[in-house]
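Could you build all of it, start to finish, from the sequences and the hints given here?
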Amino acid sequence: MADAIRIENLRKTFRLGFIPKPREILKGITFNVREGETFGYLGPNGAGKTTTIKCLLGLIHPDAGTISIFGRPHSSPRSREPLGFLPENPYFYDYLTAREFLAFTAELFGLGRGERDKRIARLLKLVGLERAADLPLRKYSRGMLQRAGLAQALINDPKLVVLDEPLGGMDPLGRKEIRDIIVRFKDEGKTVFFTSHILQDIEMICDRVAIIVGGRIVKEGGLRDLISEKVLFTEVTVSGLPPQTFEGLGESVSTRGDRVLLKVYDEACVDEVVALVHDRKGRLIALSPRTETLEDIFVDTVTRT
Amino acid sequence: MKTPLFSTRPESPRAKGSATVLLVVFLLAAAAGFAALKAATDKVVRAKLPGASIIYIPSGKFLRYATFGYRALAADLIYLWAIQYYSTPTIDDRFDHLDHVFAIINELDPRYQDPYEVGALIAVQEARDVRAAFAILDRGAANNPDQWVYPFNAGHVALMTLKDYPVAEKYFEQTMKIPGAPEFVERLRANAIFRKGDLKTSWETWLDIFQRAPDERTKRIASNHLYNVKATIDAVALEDAAAKYRERFGRLPADLGTLVRTGFLREVPKDLDGKDYLYDPATGKVRTAISPWRR
Amino acid sequence: MKIGAIAGITFKEAKRDRILYLLFFFAALGIAASRVLAILTVGDRVKIIKDVGLASIAVFGVLMAILIGTGLVYKEIDKKTIFTLLAKPLHRAEFILGKFLGLVLTLFVMTSAMTLIFLAIVYAHTLKIEAGLLIAIAYIFLELVLITAVAIFFSSFSTPILSSLFALAFYLIGHLSWGLELIIKKMPPGTGRTLVRALYLVLPDLENFNFKTEVVHALPIPPGIYLSSFLYGVCYTAFILGLAVLVFRRRDFI
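Protein chains in written order, with my numbering: chain A, 1 to 305; chain B, 1001 to 1295; chain C, 2001 to 2254.
Hints in this document: simulated from the structure, not taken from any laboratory. Just to be clear, a hint being listed does not mean it is correct.
[Claimed, not checked] Taking beta-carbon pairs under 10 Å as the criterion, some of the chain C residues facing chain B (in silico): (1) Ala2093; (2) Ser2177; (3) Glu2181; (4) Leu2182; (5) Tyr2200; (6) Pro2222; (7) Gly2224; (8) Ile2225; (9) Ser2228; (10) Cys2235; (11) Ala2238; (12) Phe2239; (13) Leu2243; (14) Arg2250.
[Claimed, not checked] Now the in silico label distances, taken between C-beta atoms and shown as ranges: (15) Leu2134/C with Met1160/B: 53 to 63 Å; (16) Gly248/A with Lys2080/C: 55 to 65 Å; (17) Pro1182/B with Val2196/C: 40 to 50 Å.
Glycine included, each C-beta is placed from N, C-alpha and C at the ideal position.
So, in structure tokens, the structure goes:
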């Protein structure tokens, strides 16, 4: 499988201010995104995530390093033909309607009139903007703008979809919708590259991730490789028994009414707790093993760097 | 399984560099193009009326309001233009609206002194339009009553160019009234009065100057003029008498004494120094023995 | 075609700008007022109408070009709509050219509208339409096209206020070229004069597009100047656009 994105030794220093003070944002980024995979790009604020994306898209000129998209050098506009981009906050021409905007975007890809109209109709249906299609964009809510943004990112049926914080600022229902759409991309064989803060979502849908801290990639690899399957502890929720019952077996985290939440570190102790509940006629409400999450790794990595 | 269309070793820096070089070459070509075209366009002779549209502005009063408080600057700029305009000999009819142009400058900035003098200079020397010169200088005097140069220049023009002595006298009189006027202006006035033919007033004026003279030099000048006036008065009287004699006797008298003896003259006047006048019996003309200016 | 698509949305955006209609209103007012001014003059009334009319079209056209042109690129950068746009397979040059053509189209529409009013008033007075007036307006339009390119050039790297000032300065310099010519005539030959002469050739000479005086006075226009002025305008506009592309290509959009 070819690389959808290949970045080698990307460097960028900004010189801002009246008396230019150089700030090195990217200090030699190297990673690649294989075709067909869903890739998560994470890092704390200011690490250089958006700068990397802007370099990829040709919005910023790197000081050094190379970027190629499906083998084409990123400096050629043609490299963006198989690419669809959704920015972090939607910024579109507010005097156009969604339909006009999509028609304009289609023209930029050189799509013919017939194909254009077909795709626009299909996309408006996909993102749920059929009824609002002829309202000017300035009348749209933020959620609607996000959907319009998604539609314009898909107008050319891209092989590579680049999303900058697609889940930020959305309610849980919206986030689920976007997650479902991204999973559908994966089923269609599209490559997805996105940045996000919401690590639970990344954990759910990504194949590989890279963590960027202070302009450098500090961890890269498949999600399964990075996160061990090891169980850190098990959370047990019990009712009908006082917390003291479980002294020595687990840590009582909280008590509400007659419910007790316990943290049990030892696997063997979990069996004991279950047996104890059964013997003392208590009720076992919930039992959830907690494995290492991406968040744990993320926090650990960032604080260590 | 897609095979990349290009080699995976990206060649971006070179490609980008060549595009920039192409662009720079294009820019240089375009610049060379328009520079050459400009030179070519310059060669085409257009019927130019540079700045002629200024003639169609009604008056400086209108411009005064239109220039939003930059009247003095507007006056400067128009004056600068005017200098170039009037020194361009190829514009044949450039003097047609001389007074109008300078009127605009004067109305925009009445206290801008140069245009009055220069405008009058152009009017007299180049346009040979004395009326325009007077108009400009009168405006200068009206707008700057403390400046003696304007009536002085006007008097000078009247005296030398126009040779209109009453007008010259009027201007010199006006000049004298302005504090700071040079002391010789009253002498110019006196001379103008003499030239216009009013000998009696001329004598009185010069006498007054003589009596008030603050130094020897002025005294001497006044004295010379007095001598001249007296000589002129006397010459007129003598020649007049001689002419009457000729009417009577058919020929001019042999000497001045004859006129007294025959009753045409009461007495033979002497010049201011007490010397005799010279009489030429052939022409009947009287003149002084010495020049009034070399006494 | 991509440039056409960008020109299209630029036209849509520009024609929503209220400044356009405000300036058009004043231009129409100016042209109509010429009729009133004509009453005050002694002699040729039609001359005043033609003078004021042509001047209105020129002045308000330039204001339109500058006020709208200087905001065009800046707004895209400020409102960040340029991110999604340049993420498409588009050359940056196509973006600049598209913006330029969109504004030229807008100005064409506005100039045509002003011309119609102007010609109507002239016709009302003379009962004929002179080709000369149309030629003068055509070259005024060429001047507007050049000013548009200048406005867009400045807009690609500067704020609207500064860009407007620079564009205005370009316009003034362009009409004072004859002053430089006078200075050259009075300079002694040498390196100084060669340098000033080089400057004179490079700085814009917008008087090349000015046929207002000739047309109004019915003076003859030498035919050679039509082509050379037109080509001059085209060359200079191409130069400015090339410069804009050169600057715009190197920009980082943070």
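Consistency of the hints with the structure:
Annotation: Ala2093/C was flagged as interfacial toward chain B, and the flag holds, the nearest CB pair being 8 Å apart, inside 10 Å. A distance limit of 10 Å between C-beta atoms decides the matter here; for Ser2177/C the minimum to chain B is near 9 Å, and the interface restraint holds. A least Cβ separation of about 8 Å between Glu2181/C and chain B falls short of the 10 Å threshold, and the interface hint therefore holds. Because the smallest distance between the Cβ of Leu2182/C and any Cβ of chain B comes to about 6 Å, under 10 Å, the interface hint for this residue holds.
Contact between Tyr2200/C and chain B, as hinted, is supported at the beta carbon level, the nearest pair being about 8 Å apart and thus within 10 Å. With its C-beta approaching chain B no nearer than about 5 Å, Pro2222/C sits inside the 10 Å limit, and its interface hint holds. The beta carbon of Gly2224/C is positioned within 10 Å of a beta carbon in chain B (closest approach about 5 Å), and the interface hint is therefore held. Interface hint status for Ile2225/C: upheld, as the beta-carbon distance to the closest one in chain B is roughly 5 Å, under 10 Å.
Proximity of Ser2228/C to chain B holds as hinted, the smallest CB-CB distance being about 5 Å (cut-off 10 Å). For the restraint placing Cys2235/C at the interface with chain B, the shortest Cβ-Cβ distance is roughly 4 Å, inside the 10 Å limit, so the hint holds. At its closest, the beta carbon of Ala2238/C sits 5 Å from a beta carbon of chain B; the interface hint therefore holds under the 10 Å criterion. For Phe2239/C, the interface hint holds, the least distance from its beta-carbon to any beta-carbon of chain B being 4 Å, beneath 10 Å.
For Leu2243/C, the interface hint holds, since its Cβ comes within 10 Å of a Cβ in chain B; the closest pair sits about 6 Å apart. Restraint check, Arg2250/C versus chain B: the minimum CB separation of about 9 Å is within 10 Å; hint holds. Under the hint 53 to 63 Å, the C-beta atoms of Leu2134/C and Met1160/B, about 56 Å apart, fit the expected range. Taking 55 to 65 Å as the suggested C-beta distance range, the pair Gly248/A and Lys2080/C conforms, at roughly 59 Å.
One distance hint, 40 to 50 Å for the beta-carbon pair Pro1182/B and Val2196/C, holds here, with the actual separation near 44 Å.
Checked against the numbered hints above, the structure violates none of them.
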